[in-house]
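Engineer: Here are the chains, one letter per residue:
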Amino acid sequence: MYVRHLSVSDFRSWSAADVTFEPGASALVGSNGQGKTNLVEALGYLATLASHRVPTDAPLVRSGAERAVVRAAVVADSRELRVEVEITPGRANRAKLNGAGVPRARDILGALRVVLFAPEDLAIVRGDPSERRRFLDELVVARSPRLAGVRADYERVLKQRAALLKSAGAARRSGGGSDLRTLDVWDGHLAEHGAQLLAARLAAVQALRPHAVAAYAQVAPASVELTLRYSSALTAALPEIAESVPDVGVLEAALLSEVARVRAAELERGVNLVGPHRDDLDLGLGELAVRGYASHGEGWSVALALRLGSYELLRADYPRGAEPVLVLDDVFAELDVNRREQLALVASKAEQALITAAVASDVPEQLQGARYDVHEGAVRRVR
Amino acid sequence: MYEGAVQDLIDELGRLPGVGPKSAQRIAFHLLAAESVDVERLASTLVRVKNEVRFCTICGNVAEADQCRICTDTRRDPSVICVVEEPKDVVAVERTREFRGRYHVLGGAISPIDGVGPDDLRIRELLTRLRDGVVTELILATDPNLEGEATATYLARMINPMGLTVTRLASGLPVGGDLEYADEVTLGRAFSGRRRVD
Numbered sequence: 015m016y017v018r019h020l021s022v023s024d025f026r027s028w029s030a031a032d033v034t035f036e037p038g039a040s041a042l043v044g045s046n047g048q049g050k051t052n053l054v055e056a057l058g059y060l061a062t063l064a065s066h067r068v069p070t071d072a073p074l075v076r077s078g079a080e081r082a083v084v085r086a087a088v089v090a091d092s093r094e095l096r097v098e099v100e101i102t103p104g105r106a107n108r109a110k111l112n113g114a115g116v117p118r119a120r121d122i123l124g125a126l127r128v129v130l131f132a133p134e135d136l137a138i139v140r141g142d143p144s145e146r147r148r149f150l151d152e153l154v155v156a157r158s159p160r161l162a163g164v165r166a167d168y169e170r171v172l173k174q175r176a177a178l179l180k181s182a183g184a185a186r187r188s189g190g191g192s193d194l195r196t197l198d199v200w201d202g203h204l205a206e207h208g209a210q211l212l213a214a215r216l217a218a219v220q221a222l223r224p225h226a227v228a229a230y231a232q233v234a235p236a237s238v239e240l241t242l243r244y245s246s247a248l249t250a251a252l253p254e255i256a257e258s259v260p261d262v263g264v265l266e267a268a269l270l271s272e273v274a275r276v277r278a279a280e281l282e283r284g285v286n287l288v289g290p291h292r293d294d295l296d297l298g299l300g301e302l303a304v305r306g307y308a309s310h311g312e313g314w315s316v317a318l319a320l321r322l323g324s325y326e327l328l329r330a331d332y333p334r335g336a337e338p339v340l341v342l343d344d345v346f347a348e349l350d351v352n353r354r355e356q357l358a359l360v361a362s363k364a365e366q367a368l369i370t371a372a373v374a375s376d377v378p379e380q381l382q383g384a385r386y387d388v389h390e391g392a393v394r395r396v397r
Numbered sequence: 170m171y172e173g174a175v176q177d178l179i180d181e182l183g184r185l186p187g188v189g190p191k192s193a194q195r196i197a198f199h200l201l202a203a204e205s206v207d208v209e210r211l212a213s214t215l216v217r218v219k220n221e222v223r224f225c226t227i228c229g230n231v232a233e234a235d236q237c238r239i240c241t242d243t244r245r246d247p248s249v250i251c252v253v254e255e256p257k258d259v260v261a262v263e264r265t266r267e268f269r270g271r272y273h274v275l276g277g278a279i280s281p282i283d284g285v286g287p288d289d290l291r292i293r294e295l296l297t298r299l300r301d302g303v304v305t306e307l308i309l310a311t312d313p314n315l316e317g318e319a320t321a322t323y324l325a326r327m328i329n330p331m332g333l334t335v336t337r338l339a340s341g342l343p344v345g346g347d348l349e350y351a352d353e354v355t356l357g358r359a360f361s362g363r364r365r366v367d
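So the protein sequences, as listed, match chains A and B.
In our numbering, each number is its position in the first sequence, counted from 1, plus 14.
In our numbering, each number is its position in the second sequence, counted from 1, plus 169.
Hints are not guaranteed to be accurate.
As the list claims (entries may be wrong) - With the C-beta cut set under 8 Å, the calculated list includes, among others, these residues of chain A facing chain B: (1) A87; (2) R160; (3) G163; (4) R170; (5) V171; (6) L172; (7) K173; (8) Q174; (9) R195; (10) V199; (11) H203.
Unchecked claim - Quick look at which bits of chain B chain A covers, simulated, 3 or more residues with Cβ under 8 Å: (12) 203–213; (13) 305–312; (14) 333–339.
Since the hints were made in silico from the structure, they are not lab data.
Quick reminder that beta carbons are idealized off the backbone N, C-alpha and C, glycines included.
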């Protein structure tokens, strides 16, 4: 698929912008602070309903404005679809497909598919486990939008259960009888929704593994092999999850028994100690963990391999004509010559690749397609 | 900002659920322009609702007397109880004219975030009603969301050992709808709850 047209209003620094794109590689070039990244961020938002730069929506709305609107015309298999989302911080987003409102904003997920690689992605490798969970969940939802609902329900269960653990724990400490009767019910909900999310994540890791390993070998041919391993509290009880995806029912039963095992500790601390929200994706180079041992350059290579691997995976997953748009935000300046070439090779094969760069010379030779100057609040096509 | 009573009225109306500042202003000026009789009737109804309406001692539905009309209606089947969250759910089920049993209004759903546990709902009253052996079936008609499901599961686990038939309302496709417009969760549930066609 490709984005034929993007327009934003009151998004970040833009009061209004209108850009028409073509398939193939396009570069948005402009000095720092001109709003290049804001434009591709808007595209990423349409695809995932989240920004790759900030966890909340407030910074996305131009200061002084009440709401931001992002619209795009997406062509998939020569059929055009118009997608629109209205972002109002503190309220639910409103979304439209072909001009008609949809009941929930997440119903537009899948209309536009984007794989975005940005400097922030170094956090997947170096940051907290939550960054890697977010990376995995994004991939899970991109593969199957239904999981967005499962994830939302799971998070709601966690909140309800945490509230119950806190009040029950407090009641127990103050000597009163604690109310544990409803905890069993929430345990059941946690296991039910958690097992679905867990199964989807395990499947995503196993599908991603060959693509990411191949991408890493391409980007860093001299290095040892990249390893990916999903790490969960269930690994002790179900060692097979390292290599295969057990039935959802099996995972649900395992989660239930694990939750029962740690109940005393949960009541003591008032937090949910077991479930996919505590899991991690262990990344390694040979025997060593990437986090802590890898150099800055190796870290970058791993982040790049994860994104390129995701791109290849989604391309293989989706039907022809629905392959995702590849967005490369300000990344060429960070890479050495070899990695640049490898990335350019993949990007040049994409149906559409959108690249942002501060200076035109950062964009590799193979990707010299259309070029847009982004300067003083205007986007002008120069080639 | 308006002066005195008008602004007070707008503020009061604005506190009602579903009424924003614009609607509040519109209602306030509508009342200002209306006949005194009409406004007085509204005012006295508001006062009456607070003073006279009570909750049925049996089912917890809104009632004008000690017991509501459904609980005192001898034509209704006393062996089936439909458990709902709010009085407005009773009205919704009544509109179907399909259900001829009696109701039990819980007054909400289990939600630890809002500090609502089983003791804050009318569950003890429900258990008392079940004890006399007249009731044989319990229909759980709580909302099909996370909290409603949790409440239903909790009740089912507690009441099943008592030997009653406990059922849950089916969830699935809306009548007159199109399959293609159903969301995945609803469609998924409709699949798992499918029936044999004879």
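Engineer: Confirm or reject each hint.
Structural biologist: Hints, verified against the model:
{"no.": "1", "hint": "A87", "result": "violated, 22 Å"}
{"no.": "2", "hint": "R160", "result": "holds, 4 Å"}
{"no.": "3", "hint": "G163", "result": "holds, 6 Å"}
{"no.": "4", "hint": "R170", "result": "holds, 5 Å"}
{"no.": "5", "hint": "V171", "result": "holds, 6 Å"}
{"no.": "6", "hint": "L172", "result": "violated, 11 Å"}
{"no.": "7", "hint": "K173", "result": "holds, 6 Å"}
{"no.": "8", "hint": "Q174", "result": "holds, 5 Å"}
{"no.": "9", "hint": "R195", "result": "holds, 6 Å"}
{"no.": "10", "hint": "V199", "result": "holds, 5 Å"}
{"no.": "11", "hint": "H203", "result": "holds, 6 Å"}
{"no.": "12", "hint": "203–213", "result": "violated (count 0)"}
{"no.": "13", "hint": "305–312", "result": "violated (count 0)"}
{"no.": "14", "hint": "333–339", "result": "violated (count 0)"}
Checked against the numbered hints above, the structure violates hints 1, 6, 12, 13, 14; every other hint is satisfied.
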